Amino acid sequence: MNTQNLMLIDPHIHMTSRTTDDYERMRKAGIVAIIEPAFWLGQPRTEVGSFKDYYSSLVGWERFRASQFGIKHYCTIGLNSKEANNEALAEQVMELLPLFIYKEGVVGVGEIGYDDQTAAEDKYYRLQLELAKETSMPVQIHTPHRDKKSGTLRSMEVSLEHGIAPDMVIVDHNNEETVKDVLDRGFWTAFTIYPHSKMGNERMVEIVKQYGSERIIVNSAADWGISDPLSVPKTASLMLERGISMEDVRKVCYQNALDAFGKSGQMHESDWLDKNMIDQREKFSDNSILRGGQTPVVGDLDADEGEMGSNIVR
Amino acid sequence: MYQANISETKAFLKSILGRSTSVQGNDWLTQKMELVGNDTSKARDLYLAFSAAPRFVGKEKLQLTDAEVAQANTIRPGFSPSGWTADRAARTLLLLSLPTGDAEAFVKQIETLFGTADMGELVALYGSLPLLPHPERFTHRAAEGVRTNMGDVYEAVALDNPYPADYMEEDQWNQLVLKTLFVGKPLYRIYGLETRSNPKLAHMLSSYAHERWAAGRPVSPELWRPVGPHIDTAILPDIQKLFVQPDETEREAAALACASSSFGPAKELLATHTALKQRVENGELNWDRIGQAAAAKA
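Which chain is which? The protein sequence lines are A and B, in order. Sequence positions in the first sequence follow this note's numbering and run 1 to 314. Sequence positions in the second sequence follow this note's numbering and run 315 to 612.
None of these hints come from the bench; they were simulated from the model. Bear in mind the structure is a predicted one, so any value in this text is a computation, not a measurement. One or more of the hints may lead you astray.
[Stated by the list, open to error] Listing some non-contacts, in silico: residues in chain A with all C-beta distances to chain B over 12 Å: (1) Gly60; (2) Arg65; (3) Glu104; (4) Thr135.
[What the hints assert, rightly or not] Subject to a maximum C-alpha distance of 30 Å in a straight line, what follows is the list of computed DSBU-like cross-link-like pairs (lysine-lysine): (5) B:Lys611 with A:Lys123; (6) B:Lys514 with A:Lys263; (7) A:Lys133 with A:Lys180.
[What the hints assert, rightly or not] Facing chain B, a subset of chain A residues (Cβ under 10 Å, in silico): (8) Leu6; (9) Ser50; (10) Asp53; (11) Val59; (12) Trp61; (13) Arg63; (14) Met94; (15) Pro98; (16) Ile101; (17) Gly105.
Beta carbons: idealized from backbone N, C-alpha and C, even for Gly.
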């Protein structure tokens with residue numbers, strides 16, 4: 001896999017659900033920074049304390065874990081649409097959010113939006129848009145799996161209704177059917193390269209060929225499902241192979257994400273240019289990522305591209 | 315209920331911080347310190363200012379003169395902000411600005427901050443423990459800090475911090491010393507290592523050394539520093555073994571350990587190593603130097 005040593009950003013990936021092997025492979029493939037949106041863990045939480053500990057782990061332990069592999073970790077904080085449907089709990093979660101929104105490395109409110117497009121989802125989506133406005137934070141929008149097109153349009157209309165500028169909003173999980181509407185309205189238009197369900201990267205290549213690289217962002221949304229934490233590097237490699245210019249690839253796999261989430265004031269290129277050296281000596285031998293007996297890595301990980309397999313994700 | 319004169323500490327930290335932040339950063343902090351110090355301020359004012367501190371004051375390292383390093387130690391024995399950053403000092407100043415009269419309310423605010431803290435906030439919180447009022451209320455929290463797996467957070471509670479030596483119970487303290495070795499951090503930066511050494515710890519350390527030897531792993535020469543004053547018949551063979559190690563710092567550690575012991579056979583053992591004994595006696599050998607040498611090698 002050849003990405004010409006480009007620096008890459010994956011602006012949507014749920015590392016809480018991934019292993020340290022993934023971090024290592026991501027770093028080797030050129031990923032220097034990631035954004036982990038707060039999301040649904042696969043089953044509903046029943047206590048507000050579970051949310052608190054989850055948010056804490058996003059700004060604490062997970063960030064530390066990423067740093068061990070030379071990857072700069074950021075996150076967006078929010079109440080996801082599925083769990084917004086438990087209103088008694090959602091009320092308590094809303095009270096927690098202000099405690100986390102100004103934490104270091106929090107680059108937005110997210111991922112929020114609609115799932116079933118219920119009244120409760122609408123209510124908490126709007127309340128969180130207000131929070132983003134109040135704190136001048138970007139918004140990372142999850143668009144629904146079902147009834148996607150109307151859900152996507154509605155997400156944008158409601159955010160405009162709340163007076164949020166389109167360039168402060170990243171609309172995620174787009175496809176061929178939604179791309180034009182989102183781009184035309186001036187929103188950041190993100191695509192998730194996720195095998196079998198969302199987008200494949202051959203389709204992504206065609207989208208960039210057709211629409212260019214302005215405001216288009218690629219991510220993996222890798223999580224607890226069958227997903228691929230190397231979606232961004234693989235897509236970068238495939239785009240180069242299929243004749244998309246280096247400048248366009250750099251925009252959709254790096255610069256646009258940085259420009260969009262950089263509006264939080266919490267994400268700067270210098271964060272990783274100055275200190276992407278890895279020091280696993282910071283690790284702890286008990287209950288930690290590296291166990292006794294292994295030789296800690298100091299300095300840059302081997303830049304060898306390694307066995308990444310095919311660069312196509314379908 | 316006080317470990318340090320709070321207004322003196324604040325004036326001291328604020329003047330040092332002033333050199334490592336902008337005028338705007340300094341003004342922001344002055345205003346927030348007043349806000350959170352007000353009895354009518356809301357909990358939310360503190361939480362937001364505490365989180366947002368790095369955005370306004372930055373993260374530059376503090377620059378202390380030698381006189382200021384000494385002054386810190388006068389304000390609070392063991393207080394050592396030399397390695398601190400601007401945001402860490404600002405956060406400490408916010409905590410020191412809180413009303414202190416109502417112990418319950420104070421502890422509750424601090425615990426809430428701990429409960430939702432990010433990494434930088436945890437570093438600031440643990441580092442502030444030796445300055446906060448009602449120190450006896452935070453021993454459990456400090457022990458919790460020792461359980462962390464995040465390197466910077468661990469250092470904030472365990473190293474260059476006088477709180478553990480002054481307030482932790484013996485079992486908590488012993489875990490701190492043992493874990494510091496276990497995670498490969500330097501013992502010489504633990505405040506009060508000598509004064510809090512105890513026979514139980516000495517035996518735990520001896521048994522840890524046996525485990526390392528059995529696994530064919532190196533044993534830090536610093537391990538023997540708190541062991542020395544408690545050498546007994548069970549520990550003596552360890553020291554004998556240490557005297558014949560190929561690494562010179564280990565032999566030096568053996569000599570220093572014997573020198574700090576009042577156990578007869580340990581003194582006799584040292585007497586048989588005349589060259590080392592002489593180097594101890596003329597002050598050429600000391601534990602901090604051994605610690606620094608070990609840290610440089612790690």
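Cross-check of the supplied hints:
Not every Cβ of chain B is farther than 12 Å from the Cβ of Gly60 of chain A; the closest lies at roughly 5 Å, contradicting the non-interface assignment. Residue placement check: Arg65 of chain A does not keep its beta carbon more than 12 Å from all beta carbons of chain B (closest about 9 Å). Separation of Glu104 of chain A from chain B is inadequate, the least Cβ-Cβ distance of about 5 Å not exceeding the 12 Å criterion. Against chain B, the non-interface label of Thr135 of chain A is violated: not every CB pair exceeds 12 Å, the least being about 9 Å.
At most 30 Å may separate the alpha-carbon atoms for a hinted pair to count; Lys611 of chain B and Lys123 of chain A exceed this at roughly 59 Å. A threshold of 30 Å between alpha carbons decides the hint, and for Lys514 of chain B with Lys263 of chain A the separation of about 55 Å lies outside it, so the pair is violated. This hinted pair checks out: Lys133 of chain A and Lys180 of chain A have alpha carbons roughly 26 Å apart, not beyond 30 Å. Residue-level restraint check for Leu6 of chain A is violated (minimum Cβ-Cβ distance to chain B is 28 Å; threshold 10 Å).
Because the beta carbon of Ser50 of chain A sits about 13 Å from the nearest beta carbon in chain B, more than 10 Å, this interface hint is broken. Because the beta carbon of Asp53 of chain A sits about 9 Å from the nearest beta carbon in chain B, less than 10 Å, this interface hint is met. The beta carbon of Val59 of chain A comes within 4 Å of a beta carbon in chain B, closer than 10 Å, and the hint placing it at the interface holds. Below 10 Å, beta-carbon pairs count as interface contacts, and Trp61 of chain A has one with chain B at about 7 Å; its hint therefore holds.
Hint on Arg63 of chain A holds. Least Cβ distance to chain B is approximately 6 Å, under the 10 Å limit. The interface hint given for Met94 of chain A is broken, as the beta carbon of that residue sits about 13 Å from the closest beta carbon of chain B, more than 10 Å. The criterion of a C-beta within 10 Å of any C-beta in chain B is met by Pro98 of chain A, whose closest approach is roughly 7 Å, and the hint holds. A least Cβ separation of about 8 Å between Ile101 of chain A and chain B falls short of the 10 Å threshold, and the interface hint therefore holds.
With a cut of 10 Å, the hint placing Gly105 of chain A at the interface with chain B holds, because the nearest CB-to-CB distance is about 7 Å.
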